[in-house]
Amino acid sequence: MHPADEVLVARYVEEADQAAFRTLVDRHQERVFGYLRGMVKDRDVANDLFQETFFRVIRALNKERGSYTRQGKFLGWVLRIARNAALDHLRARKKWQDLGNGDDGDESAWWDRLPDDGPSALESVQDMEEADLLKACIDRLPPEQREVVLLRHESDLTFREIADMTDCSINTALGRMRYALINLRRMMEEAKRLEHIPASD
Amino acid sequence: MHNGKKDILLHLYGEATDAEELRSLLRDEELRREHAALSEAKFRLDHLKRERPDPVIMDRILAAAAGEQGLPSSTDRKDRPAVARSARMRKVMLPALTIAAAILFGVAVGWFSSQPGTAQVDEPAVATAPDDIVPPESLYRFVPPQPVTPASTQDPRLAWDDSAPLMDMHRRIESMRPEGMLDWGEQAVPLESLPGSGSRSLQLTGSNKN
Numbered sequence: 001m002h003p004a005d006e007v008l009v010a011r012y013v014e015e016a017d018q019a020a021f022r023t024l025v026d027r028h029q030e031r032v033f034g035y036l037r038g039m040v041k042d043r044d045v046a047n048d049l050f051q052e053t054f055f056r057v058i059r060a061l062n063k064e065r066g067s068y069t070r071q072g073k074f075l076g077w078v079l080r081i082a083r084n085a086a087l088d089h090l091r092a093r094k095k096w097q098d099l100g101n102g103d104d105g106d107e108s109a110w111w112d113r114l115p116d117d118g119p120s121a122l123e124s125v126q127d128m129e130e131a132d133l134l135k136a137c138i139d140r141l142p143p144e145q146r147e148v149v150l151l152r153h154e155s156d157l158t159f160r161e162i163a164d165m166t167d168c169s170i171n172t173a174l175g176r177m178r179y180a181l182i183n184l185r186r187m188m189e190e191a192k193r194l195e196h197i198p199a200s201d
Numbered sequence: 001m002h003n004g005k006k007d008i009l010l011h012l013y014g015e016a017t018d019a020e021e022l023r024s025l026l027r028d029e030e031l032r033r034e035h036a037a038l039s040e041a042k043f044r045l046d047h048l049k050r051e052r053p054d055p056v057i058m059d060r061i062l063a064a065a066a067g068e069q070g071l072p073s074s075t076d077r078k079d080r081p082a083v084a085r086s087a088r089m090r091k092v093m094l095p096a097l098t099i100a101a102a103i104l105f106g107v108a109v110g111w112f113s114s115q116p117g118t119a120q121v122d123e124p125a126v127a128t129a130p131d132d133i134v135p136p137e138s139l140y141r142f143v144p145p146q147p148v149t150p151a152s153t154q155d156p157r158l159a160w161d162d163s164a165p166l167m168d169m170h171r172r173i174e175s176m177r178p179e180g181m182l183d184w185g186e187q188a189v190p191l192e193s194l195p196g197s198g199s200r201s202l203q204l205t206g207s208n209k210n
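These protein sequences, in sequence, are chains A and B.
Count the first sequence with my numbering and you get residues 1 to 201, in order.
Count the second sequence with my numbering and you get residues 1 to 210, in order.
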């Protein structure tokens with residue numbers, strides 16, 4: 001039986017059990033890294049932010065900063081730290097705009113907020129594997145929709161937890177997820193359609 | 001969002017478990033199409049391969065947790081960009097300033113050479129005396145210094161200075177010079193020893209012929 005996160009945290013903090021901390025990091029590395037990678041769209045930057053996140057975790061657990069209150073939500077706490085690190089990075093590069101809580105339900109203008117940095121995901125579709133194509137489509141989602149997809153699929157948070165973390169209502173989180181799925185499906189269909197168009201040369 | 005669509009999504013992700021509720025939702029044609037569309041996209045997302053950080057990152061984190069590697073403090077992190085900025089200043093600004101200074105120097109030289117006064121000084125030397133151009137090989141050849149003509153041999157008179165009184169005065173001065181050889185800094189000599197001291201115009205101090 002695998003010990004719970006709280007047990008491992010207690011072993012590391014009270015007994016300096018390095019193996020317990022290693023287990024914690026191993027257990028959650030994909031959830032945290034997948035989220036960061038999807039947010040910043042760059043593996044090297046995601047590596048840096050991942051390291052920074054766990055450095056902050058170590059400092060906090062060693063009581064330099066006491067934000068962890070052992071409420072049984074270790075992953076959520078770590079993801080909150082990771083999110084702050086990612087948003088700091090994105091804000092510094094002006095690639096993140098803080099939104100309201102989104103309770104007005106207006107998601108209709110999402111095309112207007114599509115990030116426009118880098119080549120279109122659909123341009124080089126013929127050279128892509130399906131998984132790469134899907135990742136490229138995720139990267140093209142509006143940031144708030146992309147974040148919900150990442151937190152749900154990479155980090156395995158529930159919609160309630162996502163709503164808490166992103167400071168919005170659960171209806172807004174669900175709405176963003178729904179639009180994200182619809183848009184992903186549309187982009188994938190478009191990509192498949194382009195895949196069958198012969199190159200014009 | 002429509003409650004039916006919200007519930008469809010919750011069922012799709014396993015956060016609502018009432019099977020009877022789902023069946024009733026799917027009796028609606030629009031909700032059934034919605035469920036099918038969302039399921040397809042979700043299926044693709046579920047099968048995405050997950051990524052892991054680089055092993056070296058994991059090693060650093062575990063070393064930091066074991067206290068083997070000092071964690072950078074928050075103040076250290078704040079200082080880092082300033083160092084980067086100064087390094088960037090050195091790397092970018094210095095070459096830029098050097099280039100700008102070179103351009104300014106070139107502009108200044110061009111401006112001075114284009115001034116009327118400087119241009120007119122240079123042009124006659126080239127245009128009117130082509131024979132005076134020194135061949136390049138002469139630059140490496142020893143040229144002995146030319147003997148300087150003594151000033152005494154030259155006629156110090158100016159062309160217009162030829163009136164009779166001036167000519168007379170000049171002759172008198174010239175007749176005094178070879179014998180007197182007096183100049184600034186030389187030892188004083190009695191007036192009697194000077195040429196012409198016996199003339200009427202000179203007499204000893206204190207003597208009175210009258």
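Among these hints, one or two may not hold up.
[Stated by the list, open to error] Some chain A residues judged to face chain B by a derived CB distance under 10 Å, without partners named:
{"no.": "1", "residue": "HIS2"}
{"no.": "2", "residue": "VAL7"}
{"no.": "3", "residue": "ARG27"}
{"no.": "4", "residue": "ASN47"}
{"no.": "5", "residue": "GLY72"}
{"no.": "6", "residue": "LEU75"}
{"no.": "7", "residue": "GLU130"}
{"no.": "8", "residue": "PRO142"}
{"no.": "9", "residue": "THR158"}
{"no.": "10", "residue": "MET177"}
{"no.": "11", "residue": "LEU181"}
{"no.": "12", "residue": "ARG185"}
{"no.": "13", "residue": "GLU190"}
{"no.": "14", "residue": "LEU194"}
[Said to hold, decoys possible] Mimicking DSS-like on lysine-lysine, the simulated pairs with C-alpha atoms at most 27 Å apart in a straight line are:
{"no.": "15", "chain 1": "A", "residue 1": "LYS94", "chain 2": "B", "residue 2": "LYS91"}
{"no.": "16", "chain 1": "A", "residue 1": "LYS41", "chain 2": "B", "residue 2": "LYS5"}
{"no.": "17", "chain 1": "A", "residue 1": "LYS73", "chain 2": "B", "residue 2": "LYS91"}
{"no.": "18", "chain 1": "A", "residue 1": "LYS41", "chain 2": "A", "residue 2": "LYS94"}
{"no.": "19", "chain 1": "A", "residue 1": "LYS41", "chain 2": "A", "residue 2": "LYS192"}
{"no.": "20", "chain 1": "B", "residue 1": "LYS5", "chain 2": "A", "residue 2": "LYS135"}
{"no.": "21", "chain 1": "B", "residue 1": "LYS42", "chain 2": "A", "residue 2": "LYS192"}
{"no.": "22", "chain 1": "B", "residue 1": "LYS49", "chain 2": "A", "residue 2": "LYS73"}
{"no.": "23", "chain 1": "B", "residue 1": "LYS91", "chain 2": "A", "residue 2": "LYS192"}
{"no.": "24", "chain 1": "A", "residue 1": "LYS63", "chain 2": "A", "residue 2": "LYS135"}
{"no.": "25", "chain 1": "B", "residue 1": "LYS91", "chain 2": "B", "residue 2": "LYS42"}
{"no.": "26", "chain 1": "A", "residue 1": "LYS192", "chain 2": "A", "residue 2": "LYS73"}
{"no.": "27", "chain 1": "B", "residue 1": "LYS42", "chain 2": "A", "residue 2": "LYS41"}
{"no.": "28", "chain 1": "B", "residue 1": "LYS49", "chain 2": "A", "residue 2": "LYS41"}
{"no.": "29", "chain 1": "A", "residue 1": "LYS73", "chain 2": "B", "residue 2": "LYS6"}
{"no.": "30", "chain 1": "A", "residue 1": "LYS73", "chain 2": "A", "residue 2": "LYS63"}
{"no.": "31", "chain 1": "A", "residue 1": "LYS94", "chain 2": "A", "residue 2": "LYS63"}
{"no.": "32", "chain 1": "A", "residue 1": "LYS135", "chain 2": "B", "residue 2": "LYS91"}
{"no.": "33", "chain 1": "B", "residue 1": "LYS49", "chain 2": "A", "residue 2": "LYS192"}
{"no.": "34", "chain 1": "B", "residue 1": "LYS49", "chain 2": "B", "residue 2": "LYS91"}
[As the list claims (entries may be wrong)] Covered stretches of chain A, as calculated for chain B (at least 3 residues, CB under 8 Å):
{"no.": "35", "stretch": "12–21"}
{"no.": "36", "stretch": "30–36"}
{"no.": "37", "stretch": "50–57"}
{"no.": "38", "stretch": "144–155"}
Hints in this document: simulated from the structure, not taken from any laboratory.
Glycine included, every Cβ here is placed at the ideal spot set by N, Cα and C.
Hints, verified against the model:
no.	hint	result
1	HIS2	18 Å, violated
2	VAL7	17 Å, violated
3	ARG27	12 Å, violated
4	ASN47	5 Å, holds
5	GLY72	19 Å, violated
6	LEU75	15 Å, violated
7	GLU130	8 Å, holds
8	PRO142	15 Å, violated
9	THR158	6 Å, holds
10	MET177	6 Å, holds
11	LEU181	4 Å, holds
12	ARG185	4 Å, holds
13	GLU190	13 Å, violated
14	LEU194	17 Å, violated
15	LYS94/A x LYS91/B	25 Å, holds
16	LYS41/A x LYS5/B	30 Å, violated
17	LYS73/A x LYS91/B	47 Å, violated
18	LYS41/A x LYS94/A	14 Å, holds
19	LYS41/A x LYS192/A	23 Å, holds
20	LYS5/B x LYS135/A	25 Å, holds
21	LYS42/B x LYS192/A	17 Å, holds
22	LYS49/B x LYS73/A	25 Å, holds
23	LYS91/B x LYS192/A	47 Å, violated
24	LYS63/A x LYS135/A	38 Å, violated
25	LYS91/B x LYS42/B	49 Å, violated
26	LYS192/A x LYS73/A	41 Å, violated
27	LYS42/B x LYS41/A	20 Å, holds
28	LYS49/B x LYS41/A	16 Å, holds
29	LYS73/A x LYS6/B	26 Å, holds
30	LYS73/A x LYS63/A	18 Å, holds
31	LYS94/A x LYS63/A	33 Å, violated
32	LYS135/A x LYS91/B	37 Å, violated
33	LYS49/B x LYS192/A	20 Å, holds
34	LYS49/B x LYS91/B	42 Å, violated
35	12–21	holds (count 3)
36	30–36	holds (count 3)
37	50–57	holds (count 4)
38	144–155	holds (count 4)
Hint compliance for this structure: hints 1, 2, 3, 5, 6, 8, 13, 14, 16, 17, 23, 24, 25, 26, 31, 32 and 34 are not met, and every other hint is.
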